[in-house]
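**Q** Following the hints, put chain X in place on chain W, whose structure we already have.
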Amino acid sequence: MSVMTIVQAINNALDIKLEEDKTVVIYGEDTGKEGGVFRVTEGLQKKYGVERVFDSPLAESAIVGAGLGMALSGLRPVVELQFDGFTYPAFNQIISNVSRMHNRSRGMYNVPMVIRFPYGGGINALEHHSESPEALYAHIPGIKVVIPSTPHDAKGLLIAAIESDDPVIFMEPKRIYRAIKQEVADEKFSIPLGKAKVLNEGTDVTVVAFGAMIRECQKAIVMAKEAGISVELIDLRTIYPIDKETIAESIKKTGRFVIVAEAPESFSVGAELMAIANEEAFLYLEAPPKRIMGFDTIVPLAKGEPMYMITPDRIFYEIERTVKF
Amino acid sequence: MNNVKTLEKITYKQPTMLFDQFDPREDKILRIIDNDGEVINKELMPDLDDEILIKSYKSMLFARTVDQMAVSYQRQGRMYTYPPILGQEAIQIAAGLIIREDDWLAPAFREMAIMLAKGVTPKEIFLYYMGNEQGSKFSKANHVLPICVPIGSQLLHATGIGYSINYQHKDEVVFTYVGDGGTSEGDFSEALNFAGVWKVPVIYTIQNNQYAISVSVKNQTKSVNLAVKSLAFGIPGIKVDGNDFFAMYAAYKEAFDYARAGNGAILIEALTYRKGAHTTSDDPSKYRTKEEELEWDKTDPLVRLKKYMDKNGIWVENEEALIEEYKLEVDKQFTEAENFTPYPLDDIFQYMYVDMPDVLKRQKTDYEQFQNWKESRK
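Protein sequences appear in the order of chains W and X.
Using the numbering used here, you'd call the opening residue of the first sequence number 1 and step up by one each time.
Using the numbering used here, you'd call the opening residue of the second sequence number 326 and step up by one each time.
Chain W on its own, in the form it takes in the complex:
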């Protein structure tokens, strides 16, 4: 066991896969020599050489499109897009080709590739550096979307993502890249995709969140506990395919449901979770489910961002209202 941040855990997962599988290659903007703007791939080029870990020219569509070509011809590329808000030039390749090649070729070709990028707000960043586009990607048939919230999960989920024969979008909560430290096993392990995790068992209300919002929810749970409210907290871990069973079972138990996510509320993962509550646990609901989500706005720059970002007290406020409904 070693104490790791999320950055270190991802680096460790990449290191393990590079070591054991010669078909794994890593590239993106600044991912080689510099180790990426967040240093996630630091030291890997030195260890594995410039053919396996390298800097590509600056063009997101090409990073992803060429990665698809590699995946079709025997490699397992793990490509990095520098920021959430810079993934859109690659959108056509993702939605039109990466997600479809297996289906288009009737299974003749698999697409074992991972597209990693940091996402989310709360770091006082420039425009385009604070976005949460998980719903855009989760809406695309043919890909899987994964978001870890802890160093342990980041390692295990990334290893599973690299080993997946389906393309995976791996979104990393940049706000907590280095904010959380945790004991993580040094050896290889993987966490199955598509399985949520109950982080805290409770009886009064189910809270579902993912990524950087988990930490905020955990703080809210402390406040709730002081107010005598027992919260069940579920970390989605995989956005698509979403773990309906775990969510529905919990809602059936608590009868109350609160969703926490940074992305704009309308047509979001929150909307999908609402649908799950309706379809799977309709008769168990004792209060209207509540979404605590980003506004349908652009993430404000630093001066406005504190009002946009979801805080523990706001989560607690909505939990209490839902429980007291």
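Hints may contain errors.
List time: in silico DSBU-like cross-link candidates among lysine-lysine, alpha-carbon distance up to 30 Å [said to hold, decoys possible]:
| no. | chain 1 | residue 1 | chain 2 | residue 2 |
| --- | --- | --- | --- | --- |
| 1 | W | 47 | X | 524 |
| 2 | X | 495 | W | 47 |
| 3 | X | 689 | W | 197 |
| 4 | W | 33 | X | 495 |
| 5 | W | 22 | X | 524 |
| 6 | X | 495 | W | 22 |
| 7 | W | 252 | X | 686 |
| 8 | W | 33 | X | 524 |
| 9 | W | 46 | X | 495 |
| 10 | X | 689 | W | 253 |
| 11 | W | 197 | X | 686 |
| 12 | X | 631 | X | 578 |
| 13 | X | 353 | X | 367 |
| 14 | W | 244 | W | 197 |
| 15 | W | 22 | X | 462 |
| 16 | W | 244 | X | 686 |
| 17 | X | 524 | X | 495 |
| 18 | X | 686 | W | 253 |
| 19 | X | 686 | W | 290 |
| 20 | W | 252 | X | 689 |
| 21 | W | 244 | X | 689 |
Stretch-level coverage of chain W by chain X, calculated; a stretch enters the list once three of its residues show a Cβ under 8 Å from a Cβ in chain X [unchecked claim]:
| no. | stretch |
| --- | --- |
| 22 | 102-116 |
| 23 | 240-253 |
Calculated from the structure, these hints are not laboratory results.
In this text, all values refer to a predicted model and were calculated from it rather than measured experimentally.
We put the beta carbon where it would ideally sit given N, CA and C, even for glycine.
**A** Relative to the frame of chain W, chain X by itself:
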């Protein structure tokens, strides 16, 4: 400003003799036979024996038969939208002579002739345009990607495959295609730029057939030609008469040797004319004249090769009977495609993922229940 040099001639060390001779900045074009089948460039004439010429002519004729019958089947309502390749056969059959079993083909959607050359069957092509993706599961063709409709996006896949080939030290070359309109896409520039930096064994061919649906190539770019765009990315480019089988063969041979020897990527602009419509839903009379079409008819690649062969005493025995034979074969394959197993519900779902999510299973079950209900009411 005195440190700004004028553009020097870029010299590509052997074996790119042709690419040096036909500098696209001077808008030179590689042409070996004229419209009457006369050899106008003897020293560049590739050394191809009669048997190969006859075989190539027959391949072009077969591809043309498939193409014309496809249009006809579509007109009969037996097939959906189809993009004809009529007039572009020489480019693809010349490449087909060179591309090997393990070489890769990343096509756009007007590459039926080279797909045939790679081993894709007319039945598979028909099946696809009848609306069944099983037509893209090529039973006999190795390393052929399914047709790629989003314009220019396939070029990047070719670049990535090229990286794989280098990385795995394989003796393979990638052939990829785009139209003249596709050169305006960002992916075109990105693919060539990455290809230059990564030095990938990829031959990028622009089939410049003069039109992107209705938009003339003149309205597509201010560049002197399309081949010249390669120079911005530091890779050789050449403009070739795409309706001259010998010129196309010579260009491909050199490009292939260049790429295979580890020199990197190469761009060929093949000047041709889309004699047919963009697709069967398009009507070219809306945007081009009969006169123009007749003018280009003089350059028809099959007619030209035939004229050359006639002049040189290379005979295709009984051509009319041959065409009849091809028609029977094509029709047989079309019938097989028509009689292909009905599209099962499973096919909609089972190829979306290697590891299918439960939600897809549920959606399929829901639909099956509806089907059962519908059945029970009959």
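**Q** Next step is simple, just say for each hint if it's right about the structure.
**A** Comparing the hints with the structure gives:
The straight-line distance between the Cα atoms of residue 47 of chain W and residue 524 of chain X is roughly 23 Å, inside the 30 Å bound, and the hint therefore holds. A hinted pair counts as satisfied when its Cα atoms are at most 30 Å apart, and residue 495 of chain X with residue 47 of chain W qualifies at roughly 24 Å. Distance restraint check for residue 689 of chain X and residue 197 of chain W: the Cα-Cα separation of roughly 27 Å lies within the 30 Å cut-off, and the hinted pair is therefore satisfied. Between residue 33 of chain W and residue 495 of chain X the alpha-carbon distance is near 27 Å, which keeps this suggested pair within the 30 Å criterion.
Taken as a hint, the residue 22 of chain W and residue 524 of chain X pair is honoured in the structure, with Cα atoms around 21 Å apart against an allowance of 30 Å. Under the criterion of a C-alpha separation no larger than 30 Å, the hint pairing residue 495 of chain X with residue 22 of chain W is consistent with the structure, at around 15 Å. At most 30 Å may separate the alpha-carbon atoms for a hinted pair to count; residue 252 of chain W and residue 686 of chain X meet this at roughly 23 Å. For the hint linking residue 33 of chain W to residue 524 of chain X, the alpha-carbon distance of about 20 Å falls within 30 Å, and the restraint holds.
Taken as a hint, the residue 46 of chain W and residue 495 of chain X pair is honoured in the structure, with Cα atoms around 25 Å apart against an allowance of 30 Å. Distance check on the hinted pair: residue 689 of chain X and residue 253 of chain W sit about 29 Å apart at the alpha-carbon level, within 30 Å; holds. A threshold of 30 Å between alpha carbons decides the hint, and for residue 197 of chain W with residue 686 of chain X the separation of about 22 Å falls inside it, so the pair holds. Of the supplied pair hints, the one linking residue 631 of chain X and residue 578 of chain X holds, its CA atoms being roughly 21 Å apart against a limit of 30 Å.
Using a Cα cut-off of 30 Å, the hinted pair residue 353 of chain X and residue 367 of chain X holds, with the two alpha carbons roughly 17 Å apart. Of the supplied pair hints, the one linking residue 244 of chain W and residue 197 of chain W holds, its CA atoms being roughly 12 Å apart against a limit of 30 Å. A distance of roughly 28 Å separates the Cα atoms of residue 22 of chain W and residue 462 of chain X; the hinted pair therefore holds under the 30 Å criterion. Under the criterion of a C-alpha separation no larger than 30 Å, the hint pairing residue 244 of chain W with residue 686 of chain X is consistent with the structure, at around 13 Å.
For the proposed pair residue 524 of chain X and residue 495 of chain X, the alpha carbon gap of about 14 Å is at most 30 Å, so the pair holds. Using a Cα cut-off of 30 Å, the hinted pair residue 686 of chain X and residue 253 of chain W holds, with the two alpha carbons roughly 26 Å apart. For the hint pairing residue 686 of chain X with residue 290 of chain W, the CA-to-CA distance comes to about 29 Å; that is within 30 Å, so the pair holds. A hinted pair counts as satisfied when its Cα atoms are at most 30 Å apart, and residue 252 of chain W with residue 689 of chain X qualifies at roughly 25 Å.
Between the alpha carbons of residue 244 of chain W and residue 689 of chain X the distance comes to roughly 17 Å, so the proposed pair stays at or under 30 Å and holds. For the stretch 102-116 of chain W, the stated coverage by chain X is satisfied: 9 residues place a CB nearer than 8 Å to a CB of that chain, which reaches the threshold of 3. Evaluation of the coverage hint for the stretch 240-253 of chain W: fulfilled, as 4 residues show C-beta separations to chain X shorter than 8 Å, against a requirement of three.
Hint compliance for this structure: no hint is broken.
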